[in-house]
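Go ahead and model the full structure; you've got the sequences and the hints to work with.
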Amino acid sequence: MGCPENAGELVRFSVAVPEDMLAGFDALIARRGDARNRSEAIRDLMRAALVRENLRTPDEQVIGSLTMIYDHHTGDLTRRLDEVQHDYTDEIVSTMHVHLDHHNCLEILALRGRGARVYELADKLLGLRGVHHGELTCAATGASLDLSA
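Just so you know, the UniProt record's numbering puts 62 at position 62 of the sequence shown, and the rest follows in order with no gaps.
Source of the hints: derived by calculation from the structure; they are not laboratory data.
Derived Cβ-Cβ restraints for the label pairs, each shown as a range:
1) R47 / D123: 13 to 21 angstroms
2) R36 / H86: 42 to 50 angstroms
3) A27 / D76: 32 to 40 angstroms
4) L10 / L100: 36 to 44 angstroms
5) M96 / E19: 28 to 36 angstroms
6) E135 / A16: 16 to 24 angstroms
7) L10 / T89: 44 to 52 angstroms
8) F25 / R52: 15 to 23 angstroms
9) D90 / E135: 19 to 27 angstroms
10) G134 / L28: 16 to 24 angstroms
11) A23 / H86: 35 to 43 angstroms
12) V98 / D59: 32 to 40 angstroms
13) T74 / R36: 35 to 43 angstroms
By construction, the Cβ of each residue, glycine as well, lies at the ideal position given by its N, Cα and C atoms.
Set out below in structure tokens:
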């Protein structure tokens, strides 16, 4: 999936990442063989993120899950996670918390509600310092499920 001719001028920018992360990314590129080089692989990731963003359905009822891995020793992260979640009690159906090791926790939230609120919640949580990884998986329900209960 190359850049279209009318995509505009290429712009160079630098990104600072840990050396082992870059080595792992380069190994992934080599293993997959689907990107000609590091720049193309990053462009592919950016395109995928933009497509996901365009698929959001802010005015539809959605169901989904938010998975986060975070270091609970990072500042007051635990308090901030709780604070945000308490502002979205209508959207959070259930949570599961798993202690992975002395520092890291896995938290999974089952979510349901108007898309705009669910996406806003995920963006706020995933944007907190100390959240190492997270992903929202969501689907619009439309008329296929009765969520009026």
